[in-house]
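A.B. asks: Single-letter residue listing:
2 protein chains.
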Amino acid sequence: MSCRAHSARARCMCDDSPSLARARQRMNSRRTGTLWVVATPIGNLEDFSPRAQRVLREVSLIAAEDTRHSKPLLAHFGIGTPLVALHEHNEREAIAPLLARLDGGEDVALISDAGTPLISDPGYRLVRAARDAGHRVSAVPGACAA
Amino acid sequence: MSCRAHSARARCMCDDSPSLARARQRMNSRRTGTLWVVATPIGNLEDFSPRAQRVLREVSLIAAEDTRHSKPLLAHFGIGTPLVALHEHNEREAIAPLLARLDGGEDVALISDAGTPLISDPGYRLVRAARDAGHRVSAVPGACAA
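Protein chains in written order, with this note's numbering: chain A, 1 to 146; chain B, 1001 to 1146.
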């Protein structure tokens, strides 16, 4: 943003004013929720990375393509995080409550039945909505059918 | 293959003859060496999957893009498997001894500096040579810069 009072300066120090700093802090505190896009194993449970397991254990909620499918996998790894369904038939309706969680500073994960979400799975609308709302979207790599 | 004596049968049982079974066994015993294409972390050590670590621990030899780069990573995970360099400047010469290992029934792994080999790294000539020689080529998924 331009600053009329300091337009001649190479870098306007108004950017560091207390009011702007407070505004930034408010913005940042609004953006603490992260949407994690997490890869799960396709055929070999040993492909489930330590980070993928940790993130799924630490988030408040996991949006899963098919909760019945994902429950046994997560139970096998002792991950008891609550699950909600997010599939192509409910994605539009499911987004609002997930965004509310992110707005509240909670972390949410997105998984597909197997592999890396979004390659050929639902979820891209959620990712787009989270980004549009200014939330961080971060990926945990792993098995991928692409 | 066709069989004149049993050409009228839907499925020729000659395929199960003892001599053919022995020939198959010989073929299979020649093919016990596997070339593993293994993903390594790009920036987060927690992305190193349990299977990737186990495979790199169990193979006889690891062909690495830059052994100086990979040594500290492998040492960090307690993987003491011998390393040989396989990069774009020595790939043609490095293939023969690696194929000899596979011919002898040993397993060999291919890794790049970081991520999944072969996307933008050397190694495709080795993979092609291993496949042409009838060896199994198997991949362990993980981080990928593609």
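To be clear, the hints were calculated from the coordinates, so they are not data collected in a lab.
By construction, the Cβ of each residue, glycine as well, lies at the ideal position given by its N, Cα and C atoms.
Be careful, since some hints might not be right.
Short derived list, chain B residues pointing at chain A, Cβ under 7 Å [as the list claims (entries may be wrong)]: (1) Ser1049; (2) Pro1050; (3) Ala1143.
A.B. asks: None of the hints should be skipped; say for each whether it holds.
C.D. replies: We went through each hint and held it up to the structure:
Below 7 Å, beta-carbon pairs count as interface contacts, and serine 1049 of chain B has one with chain A at about 5 Å; its hint therefore holds. This hint holds: proline 1050 of chain B has a C-beta 5 Å from the nearest C-beta of chain A, less than the 7 Å allowed. Using the Cβ-Cβ criterion of 7 Å, the hint placing alanine 1143 of chain B at the interface with chain A is satisfied: the shortest such distance is roughly 4 Å.
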